[in-house]
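**Student:** Those protein sequence lines, which keep their order, are chains U and S. Residue numbers for the first sequence follow the numbering used here, so the first one is -12 and each next one is one higher. Residue numbers for the second sequence follow the numbering used here, so the first one is -12 and each next one is one higher.
The set of hints was computed from the structure by calculation and includes no laboratory data. Don't take every hint at face value.
No copy is singled out in the list; a pair is fine if it fits within one copy or between any two copies.
Unchecked claim - In silico DSS-like links for lysine-lysine, alpha-carbon gap of 30 angstroms or less:
#1 Lys220 / Lys109
#2 Lys109 / Lys207
#3 Lys372 / Lys220
#4 Lys137 / Lys163
Chain by chain, the residues run as shown.
There are 2 protein chains.
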Amino acid sequence: MTSSELEIWKSEILSIGTEILMGVITDSNASYISDKLPELGIGNYWTTAVGDNVGRIVEALERGLDRSDIIVTTGGLGPTDDDLTREAIALVLGEKPVIIPELETNLRARFVGRTMPDRNMKQATLIPSAEAISNPRGTAPGWWTETNEKVIISMPGVPREMFQMWQDEVVPRLKKRMEGRDHAIVTRTIKTLGIGEGHLDELIDEYLDSQNPKIGVYAKTDGVHVRINALGKNHDDAQSVLEPMELSLTDLLRPYIWGYDNDSVPVIIQKTLQDRDEGLAILEFCTGGHVTDAFTDVDQASNYFRGSFIASTIDSIIGIGVPQALVDDHGYVSEEVALAMAEAVRENLSAEIGIGIVGSLGPNPVGDIPAGTVFIAISSDTDRKVHQATFPQNRQDLRWRVRNAVLFNLLTWLHGNPE
Amino acid sequence: MTSSELEIWKSEILSIGTEILMGVITDSNASYISDKLPELGIGNYWTTAVGDNVGRIVEALERGLDRSDIIVTTGGLGPTDDDLTREAIALVLGEKPVIIPELETNLRARFVGRTMPDRNMKQATLIPSAEAISNPRGTAPGWWTETNEKVIISMPGVPREMFQMWQDEVVPRLKKRMEGRDHAIVTRTIKTLGIGEGHLDELIDEYLDSQNPKIGVYAKTDGVHVRINALGKNHDDAQSVLEPMELSLTDLLRPYIWGYDNDSVPVIIQKTLQDRDEGLAILEFCTGGHVTDAFTDVDQASNYFRGSFIASTIDSIIGIGVPQALVDDHGYVSEEVALAMAEAVRENLSAEIGIGIVGSLGPNPVGDIPAGTVFIAISSDTDRKVHQATFPQNRQDLRWRVRNAVLFNLLTWLHGNPE
Chain U
-12 MTSSELEIWK SEILSIGTEI LMGVITDSNA SYISDKLPEL GIGNYWTTAV
38 GDNVGRIVEA LERGLDRSDI IVTTGGLGPT DDDLTREAIA LVLGEKPVII
88 PELETNLRAR FVGRTMPDRN MKQATLIPSA EAISNPRGTA PGWWTETNEK
138 VIISMPGVPR EMFQMWQDEV VPRLKKRMEG RDHAIVTRTI KTLGIGEGHL
188 DELIDEYLDS QNPKIGVYAK TDGVHVRINA LGKNHDDAQS VLEPMELSLT
238 DLLRPYIWGY DNDSVPVIIQ KTLQDRDEGL AILEFCTGGH VTDAFTDVDQ
288 ASNYFRGSFI ASTIDSIIGI GVPQALVDDH GYVSEEVALA MAEAVRENLS
338 AEIGIGIVGS LGPNPVGDIP AGTVFIAISS DTDRKVHQAT FPQNRQDLRW
388 RVRNAVLFNL LTWLHGNPE
Chain S
-12 MTSSELEIWK SEILSIGTEI LMGVITDSNA SYISDKLPEL GIGNYWTTAV
38 GDNVGRIVEA LERGLDRSDI IVTTGGLGPT DDDLTREAIA LVLGEKPVII
88 PELETNLRAR FVGRTMPDRN MKQATLIPSA EAISNPRGTA PGWWTETNEK
138 VIISMPGVPR EMFQMWQDEV VPRLKKRMEG RDHAIVTRTI KTLGIGEGHL
188 DELIDEYLDS QNPKIGVYAK TDGVHVRINA LGKNHDDAQS VLEPMELSLT
238 DLLRPYIWGY DNDSVPVIIQ KTLQDRDEGL AILEFCTGGH VTDAFTDVDQ
288 ASNYFRGSFI ASTIDSIIGI GVPQALVDDH GYVSEEVALA MAEAVRENLS
338 AEIGIGIVGS LGPNPVGDIP AGTVFIAISS DTDRKVHQAT FPQNRQDLRW
388 RVRNAVLFNL LTWLHGNPE
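One chain only, chain U, in its complex shape (with noise of 0.2 angstroms):
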């Protein structure tokens, strides 16, 4: 079955407010909705943002009508003058706001003890096509508005109203209103390291112009992602078609595979070192605890993670038991010294793996070593490895690009060192 066999429901979304136009707000409405219609088998195709511009809204509404068949806004229903999402359908419609007294009562009810300001009477309005969707978390209802088959849903711009009314009010309207058609949208994501994307590309390349599943590859900053995304009649439909792609992918991509869908390599390693009883020691020399930040920000980190130190002088990491003849020697910018801030911190700490990190962060050269280079140390009582690296001398991309190296550097030393 191919995508154009079935006839997707084409969703956009509309996001109106100045706010978000002017960056001041990251919008996050839009991801949460695009993230919830896919399970609802409805395809999202267009993500749109105006300011709180009548002109603009209905321009934006008009071509969503034209090439869409739902339109979801958030944003414009407050009770102010910027409040212009009501306005604009209304005018794309051809038809007329009128106050309803249900909603009027309920709108009043809400400002008991309180005058309520005369402008929020706009707030009880609707116009023949839409009907209101109501919001327990504040003033403003929804619309739910139809006009040629098509559907404008209208939510509240502000997040905890928006999800709620979408979580309680919009999909049981979406799913009764979508009954009787006969499609669904699986999706899986499969999570690889160690193969850039170009190659991965390669590999995988007899299927990447397969249209259902349909397959996409996604460079990301814990490795390369590889999303699958399948369409059938119904769930069941939807995941017989996926996982015959999901089974050649996995074969092909097998070594470099760590996780799939929403893993995580923090999680991997904290379910990891659980189950094998084992617990963690680090000590950070040029990350500010960068890395240990990334370890401890899962949930129940405490059952294996046991502590770290983050040191700024070689004072420090000659007080927790690095050797001052291995710094006189070797410099501290070396693998002898990264290995022993990893024996160091371990045994401090009473910790089955301790990991070291130690480097150059620049401007200059540390005696031979070129700013940027980057010891990484992992230890345990049976093996000891470290990973050397150059990163960019720049101070966010190298805590950033160190504390990914270290996360799949321990991945990697878990898989070849079994308990």
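Dock chain S against the given chain U, drawing on the hints supplied.
**Tutor:** Structure of chain S alone, referenced to chain U:
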């Protein structure tokens, strides 16, 4: 002068990538760019996201060329068949991409010691209307395309590549391109702390209706920001529109202001402590390095940051110098232990100022102390102070809120304890 009297350069942002559209990632590129455009005197009126589909990218580009002066695209410049930005621009302009020898040389240089996959060659192409924008952080150069007095600026989707290309390459070109245009926008952000959005609104009520400069009030993670946007015939003119408003607002908000524009609390702390020649040491016992990470993520942090211990057991805080008796008498989640932690780490790492952070993350209370309670202690030779707060029992929220609380408590403490 009102904004309609001046002809502003209109821009729109086009984010390209199915990942954005599917909600897999939040579009931080769009908010970054839209935050930067006003400084250049460019008004952003549309932000659109489309998937990796050449037809829809072409549609968005055509629409954009129709209504805007500049289109800024991100994404779709990678080497794979899914990366279609170059192809779409070529289609819109009716031109054919050709390999540029110089770009090929640069590209191959990034693959030294590795084979370059053939498909990467498309990253070395241009069309006649485009010139390359160099990308020091990745393989994909950007494209600067001009057509009929309009500009399409195409940058990679990887944020760290995009940010650097924007700053180093795009901004200078844009400034040059805009020379002679007779308008400028100047913005100023006043950052406050210790006052709510509603109360602040009331304080500056008389100015909120101003059209030029325009005032926006935004609640952010680091307090409430007041943003002033002023429009003028040139930079000086816009500046003269802005300044009286800035003075008036500064007068009204003085007790709450901690910074302006790009000021960040960690940078202000770094500067203050460096000037005072004082050092800071931290002992974290519930935040896993997240607080330390904030302090060290600024340039020259090592000029004042003396080190941290990230503890995960009571034994290790006792090892650093917290008296066992204090823990026994007061429980480890207590004012007394937080202060002892601040003092122990200060002594241990020879710092003038010590911070101790201890809390109960939940789900269960620790003794009488409800889950979510955190003690933040600051200690120096001359002063000691503990701040107690209750935070949500959600790991990421709590870490984030404690991080901000520590930053602001130290900032306030530094104000109250001059050198």
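**Student:** Now tell me if each hint is right for this structure.
**Tutor:** To see whether the hints hold, each was checked on the structure:
1. Neither within a single protomer nor between protomers do lysine 220 and lysine 109 lie at most 30 angstroms apart by alpha-carbon distance, with minima of 42 angstroms and 38 angstroms respectively.
2. Proximity of lysine 109 and lysine 207 under a CA criterion of 30 angstroms is satisfied inter-copy only: 20 angstroms between copies versus 42 angstroms inside one chain copy.
3. Taking the shortest alpha-carbon separations for lysine 372 and lysine 220, neither the intra-copy value of 51 angstroms nor the inter-copy value of 63 angstroms comes in at or below 30 angstroms.
4. Taking identical chains as interchangeable, the C-alpha atoms of lysine 137 and lysine 163 lie at most 30 angstroms apart only when both belong to the same chain, with a minimum of 14 angstroms there against 46 angstroms between chains.
Hint violations for this structure: numbers 1 and 3, all remaining hints satisfied.
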